[in-house]
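Number of protein chains: 2
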Amino acid sequence: MTTRQIVLASRPVGLPTKENFRFEHIELPELIEGQVLLKGIYYSVDPYMRGRMNDAKSYVPPFQLNEPFTGGVIARVMDSKCDSFITDDYVMGSLPWREICIANETEIHPIDATIAPASYYLGVLGMTGLTAYIGLVHIGKPKAGETVVVSGAAGAVGIVVGQIAKIYGCRVVGITGSDKKADVLREEYGFDAVINYKTTADLEKTIGENCPDGVDIYFDNVGGEISDAVIRHMNFHSRIPLCGQIALYNDTARSTGPRLQPILLTKSILMQGFIVSNYQRLFPEATEHLSQWIKEGNLKFTETVIHGFDQLPAALFGLFGGENIGKMIVAATDKDI
Amino acid sequence: MTTRQIVLASRPVGLPTKENFRFEHIELPELIEGQVLLKGIYYSVDPYMRGRMNDAKSYVPPFQLNEPFTGGVIARVMDSKCDSFITDDYVMGSLPWREICIANETEIHPIDATIAPASYYLGVLGMTGLTAYIGLVHIGKPKAGETVVVSGAAGAVGIVVGQIAKIYGCRVVGITGSDKKADVLREEYGFDAVINYKTTADLEKTIGENCPDGVDIYFDNVGGEISDAVIRHMNFHSRIPLCGQIALYNDTARSTGPRLQPILLTKSILMQGFIVSNYQRLFPEATEHLSQWIKEGNLKFTETVIHGFDQLPAALFGLFGGENIGKMIVAATDKDI
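Chains as they are written, first to last, in our numbering: chain S, 38 to 374; chain A, 38 to 374.
No lab work stands behind these hints, which were simulated from the structure alone. Treat the hints with care, since some could be wrong.
Said to hold, decoys possible - Lysine-lysine pairs mimicking DSS-like chemistry, simulated, CA-CA at most 25 Å apart:
1. LYS94(S) to LYS304(A)
2. LYS203(A) to LYS337(A)
3. LYS304(S) to LYS178(S)
4. LYS332(A) to LYS203(A)
5. LYS304(S) to LYS304(A)
6. LYS94(A) to LYS55(A)
7. LYS178(A) to LYS304(S)
8. LYS180(A) to LYS337(A)
9. LYS304(A) to LYS178(S)
10. LYS55(A) to LYS242(S)
11. LYS304(S) to LYS242(A)
12. LYS180(S) to LYS304(S)
13. LYS76(S) to LYS94(S)
14. LYS332(A) to LYS178(A)
15. LYS203(A) to LYS180(A)
16. LYS55(A) to LYS94(S)
17. LYS332(A) to LYS180(A)
18. LYS55(A) to LYS217(A)
19. LYS55(S) to LYS178(S)
20. LYS242(S) to LYS203(S)
21. LYS178(A) to LYS178(S)
22. LYS203(A) to LYS242(A)
23. LYS337(S) to LYS217(S)
24. LYS304(A) to LYS242(A)
Whenever a hint applies, use it, and build me the whole structure from the sequences.
Structure, rendered in structure tokens:
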């Protein structure tokens, strides 16, 4: 059986281009015992993938040249030579960007598409939701009445962080890059205030106006100058969970900015980089709360779905242009599940 | 009774100068019930005092113009109108820079000069030792076999941090500003390696050579370019207790440098500013360990003592020129106690 895959053709310098990706046809081997044949349904597209396109040591190994991209994928079982899965089961795993692929049964997990749409397992019930929960609740430690600022507020993680902060009784201020996103966050997701950093003349001042009691938690998805402006308003004993730095991922040189340590020192601020995969012990607790909040209607989720396996590279570019609201995914099929 | 005091004559721009200090004669009022008359013996001189010379909100309020400096002082009771202290008792407290002063009994604590030299209560048995212990042990969380780098290694706090790290079984690398200090740290205080940043051509590379397994804890007393160089070598899950930023205290503009967040994020690093006075609950534990280690001979202490009340401003300048090894104090008398 033949299928198509997307491989890393070359490493990008700065923003990725089409030339960094190559579509290839490959021949799949026969299934052997313990394996399943999978058809990809939904492919997750995430900012951290940009880092994996570099040949640099990081918390996940880099993609290899001429090897397929990998990431979170929801798939349907087409054929099975194992005891755990049967044909038509829905599964998820960290899988190659192939239209059809073979996986060992140990690499995949079942999902129940009757509880929530299958794609949610890439988002609010997957890495996205876990990241938001663990970063905000376990590193940020929100208390009722505190002010939480979240950058990249309309992104997959940001939109969940803001809603969890509201559940904890916090004032939530989002920072995003369009008036449309700002409206959605205020009107549909309960953010108390949202700042469009692209149309704000003096971001530092505007943050101050929107956070009259200062900032107790800054959930940072973006880094760069937006973070510089927020950090000027941090309170004593405030916390900064560092989740992403999308503003800097395409930089070709070490970015410079105001030194943080004097502020962190004089205000006893905690800054903690975190990677969700190191907090597996908290996954059951997090999943239980996230599911419960979804069931109660306190946690809503939104996706930007792009159709067609061919669109995977473009969808990844789109993240850096801020084209998504909520989780960005690519659907291999035309209809939702 | 008249005495002399040192007041803040003007706020410095950059490095403080003599013109920022003024000596004055004042008349002391009569003692009233609950008060003691004190003669200053040892005056603590600390880097954080530079921040208090600015009119800026920080973790301790700024010194006021035309008001005396205050800081840690060891004093002897000359006269007492309270039940807690009698003449000739040794006490300590946060007191004004006056040769003789009046304090309420609630502002001072007794010290026992038979256990350790009285001046140690400004240092290893005072704020200095507590700062080193709490920052290293409770924020850094050292484990045997880890590598600890300490900047400002020959300073009051650094010299204690290095020795505690050795007690915990760590490899200790100090960074300091003279070969003489480097020799002292290696030969008398057990540091495994010491780097003289002033004579090192490529600090980042030299740190790498001296930390072949990377850096697990960076106890930061100085900030600036030294910290930039250390942070490039931090390991996954490493910790940075932020204790001081002496390299930046005299800056007149916001200092800039490489952005830290991408490194903190990809390596899950914790950075925590801390102020020892917020950890009072840990003081008994810390004092117990510090005293025990001194008694066992595992923790040695050194002081740079400058004689004469007149020398207080010069001693403070001296901190920024790196003139001290260990704790810098000014003795009002010519003989040690």
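Each hint, compared with the structure:
| no. | hint | in the structure |
| --- | --- | --- |
| 1 | LYS94(S) to LYS304(A) | 10 Å, holds |
| 2 | LYS203(A) to LYS337(A) | 12 Å, holds |
| 3 | LYS304(S) to LYS178(S) | 17 Å, holds |
| 4 | LYS332(A) to LYS203(A) | 16 Å, holds |
| 5 | LYS304(S) to LYS304(A) | 23 Å, holds |
| 6 | LYS94(A) to LYS55(A) | 24 Å, holds |
| 7 | LYS178(A) to LYS304(S) | 21 Å, holds |
| 8 | LYS180(A) to LYS337(A) | 21 Å, holds |
| 9 | LYS304(A) to LYS178(S) | 21 Å, holds |
| 10 | LYS55(A) to LYS242(S) | 37 Å, violated |
| 11 | LYS304(S) to LYS242(A) | 32 Å, violated |
| 12 | LYS180(S) to LYS304(S) | 18 Å, holds |
| 13 | LYS76(S) to LYS94(S) | 31 Å, violated |
| 14 | LYS332(A) to LYS178(A) | 23 Å, holds |
| 15 | LYS203(A) to LYS180(A) | 10 Å, holds |
| 16 | LYS55(A) to LYS94(S) | 51 Å, violated |
| 17 | LYS332(A) to LYS180(A) | 23 Å, holds |
| 18 | LYS55(A) to LYS217(A) | 28 Å, violated |
| 19 | LYS55(S) to LYS178(S) | 41 Å, violated |
| 20 | LYS242(S) to LYS203(S) | 24 Å, holds |
| 21 | LYS178(A) to LYS178(S) | 20 Å, holds |
| 22 | LYS203(A) to LYS242(A) | 24 Å, holds |
| 23 | LYS337(S) to LYS217(S) | 18 Å, holds |
| 24 | LYS304(A) to LYS242(A) | 19 Å, holds |
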